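Assemble chain E onto chain D, guided by the hints.
Going down the list, the protein sequences come from chains D and E. Taking numbering that gives the first Met the number 0, the leading residue of the first sequence gets 0, the next gets one more, and so forth. Taking numbering that gives the first Met the number 0, the leading residue of the second sequence gets 0, the next gets one more, and so forth.
Hints were generated in silico from the structure; no laboratory data involved. Please read all numbers here as calculations on a predicted model, not as lab measurements. Quick reminder that beta carbons are idealized off the backbone N, C-alpha and C, glycines included. Wrong hints could be hidden among the right ones.
Have a look at the derived ranges for each label pair, beta carbon to beta carbon [as the list claims (entries may be wrong)]:
{"#": "1", "chain 1": "D", "residue 1": "60", "chain 2": "E", "residue 2": "20", "range": "43 to 49 Å"}
{"#": "2", "chain 1": "E", "residue 1": "56", "chain 2": "D", "residue 2": "53", "range": "45 to 51 Å"}
{"#": "3", "chain 1": "D", "residue 1": "225", "chain 2": "E", "residue 2": "66", "range": "34 to 40 Å"}
{"#": "4", "chain 1": "D", "residue 1": "225", "chain 2": "E", "residue 2": "49", "range": "52 to 58 Å"}
{"#": "5", "chain 1": "D", "residue 1": "186", "chain 2": "E", "residue 2": "56", "range": "45 to 51 Å"}
{"#": "6", "chain 1": "D", "residue 1": "3", "chain 2": "E", "residue 2": "40", "range": "15 to 21 Å"}
{"#": "7", "chain 1": "E", "residue 1": "12", "chain 2": "D", "residue 2": "112", "range": "22 to 28 Å"}
{"#": "8", "chain 1": "D", "residue 1": "224", "chain 2": "E", "residue 2": "66", "range": "34 to 40 Å"}
{"#": "9", "chain 1": "E", "residue 1": "49", "chain 2": "D", "residue 2": "48", "range": "35 to 41 Å"}
{"#": "10", "chain 1": "E", "residue 1": "19", "chain 2": "D", "residue 2": "120", "range": "41 to 47 Å"}
{"#": "11", "chain 1": "D", "residue 1": "98", "chain 2": "E", "residue 2": "68", "range": "19 to 25 Å"}
{"#": "12", "chain 1": "E", "residue 1": "31", "chain 2": "D", "residue 2": "113", "range": "49 to 55 Å"}
{"#": "13", "chain 1": "E", "residue 1": "10", "chain 2": "D", "residue 2": "236", "range": "45 to 51 Å"}
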Amino acid sequence: MSGLLLVSASFLASGVEFVEALTIILASGLTRGWRSSLLGAAAATVVLAVVVAFFGVALVDTISLSALQLVIGVFLLVFGLQWLRKAILRYAGLKAQHDEDAILREEMAALRQAGAVVRSGIDWPGFVVSFKGVLLEGLEVAFIVITFGASAEAQAASVGGLRGIPLAAGSALVALLIVAAAGVALHRPLAAVPENTMKFVVGLMLSAFGTFWAAEGVGVDWPGADLWIVLLLGCYALASWAMIAALRRTAPAAAAQGAH
Amino acid sequence: MGYVRQFVLFWYDFLVGDAWDIAAGVVVALAVLAVVARAQPGAGALLGPLLALAVVALTWLSLRRELRR
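Here chain D stands alone, though its shape is the one from the complex (with noise of 0.2 Å):
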């Protein structure tokens, strides 16, 4: 059960970040041709191999297992409160909501100003621009496919047979496969994608999973094991919309301002 959980977490984040990184590879290979862009894509992608299978094994390989749960649990535990704390914030209004294609139109007015465009050889803005977007949201998939993947290989949870890094790491291939080909197919942002839905779920996995970790880190011992996982979900989810609702009464001023 935990297998599944750990790979929908892993697959639903990746797959947020890839939206957000298939803009700015968009907003690049439009303005300043896709061979520059699409090698800073490609160059960005093996940096964060290389990073993934590094970290990944010296984590698992070198830290005791406790040690493991507690430095895993409270990275998940701060990193997916953030999530949950912005998504909150969105649904109640109080954000503005993450706009793919205003975010184009950014991108691609700040490359047009970046002088002529290089045709043959590399186009260095275009390159930079790509490798730079993609490295970065790439990170925090890293961050996840790592932690989960470490995760999944201490509880010894598998999903056809994969286990661990691989498993985490190929639910995020599979993510970014999707992302690609609609990419491909629609040549253009992925605005219809419902981002904040997908980052409040995320922010609720890694938050429970990060306090079962997290706790078991320090000793504590969970009756009931990995049930105590899809309670904490469940909890933390009815929490939340709590919030939003408090959130939605107590500041109708700011949630309308906020909105816009």
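Frame of chain D, contents of chain E only:
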């Protein structure tokens, strides 16, 4: 700005972002939990749900702080 400072700021922003209160609260809550778990090994079944309650409270306090800004 030195590279080390930039490096540290990047990771701070990446992991903690603008919700430093949640990060600090999580660390404090876990430290308290670790002390109680060692002192009262029999209280194990209660401590996990208590952490979950602390997480909800921290999130709410952080959201309230954001509202006041």
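Each hint, compared with the structure:
Against the hinted window of 43 to 49 Å, the Cβ-Cβ separation of residue 60(D) and residue 20(E) comes to about 34 Å, which falls outside the hint. The supplied range of 45 to 51 Å is broken by residue 56(E) and residue 53(D), whose beta-carbon atoms lie about 37 Å from each other. The hinted window of 34 to 40 Å between residue 225(D) and residue 66(E) holds, with their beta carbons roughly 36 Å apart. Taking the beta carbon of each, residue 225(D) and residue 49(E) are about 19 Å apart, not inside 52 to 58 Å as hinted.
The hinted range of 45 to 51 Å is satisfied by residue 186(D) and residue 56(E), whose Cβ atoms lie roughly 46 Å apart. For the pair residue 3(D) and residue 40(E), the supplied restraint of 15 to 21 Å is violated, since their beta-carbon distance comes to about 32 Å. Checked against the hint of 22 to 28 Å, the C-beta distance between residue 12(E) and residue 112(D) comes to roughly 26 Å, which is consistent with it. For the hinted restraint 34 to 40 Å between residue 224(D) and residue 66(E), the CB-CB distance of approximately 37 Å keeps it satisfied.
Taken as a hint, the range 35 to 41 Å holds for the pair residue 49(E) and residue 48(D), whose Cβ atoms sit roughly 40 Å apart. In this structure the supplied range 41 to 47 Å holds for residue 19(E) paired with residue 120(D), their Cβ-Cβ distance being about 45 Å. About 22 Å separates the C-beta atoms of residue 98(D) and residue 68(E), a value consistent with the hinted range of 19 to 25 Å. About 52 Å separates the C-beta atoms of residue 31(E) and residue 113(D), a value consistent with the hinted range of 49 to 55 Å.
One distance hint, 45 to 51 Å for the beta-carbon pair residue 10(E) and residue 236(D), is violated here, with the actual separation near 29 Å.
Hint compliance for this structure: hints 1, 2, 4, 6, 13 are broken, all remaining hints hold.
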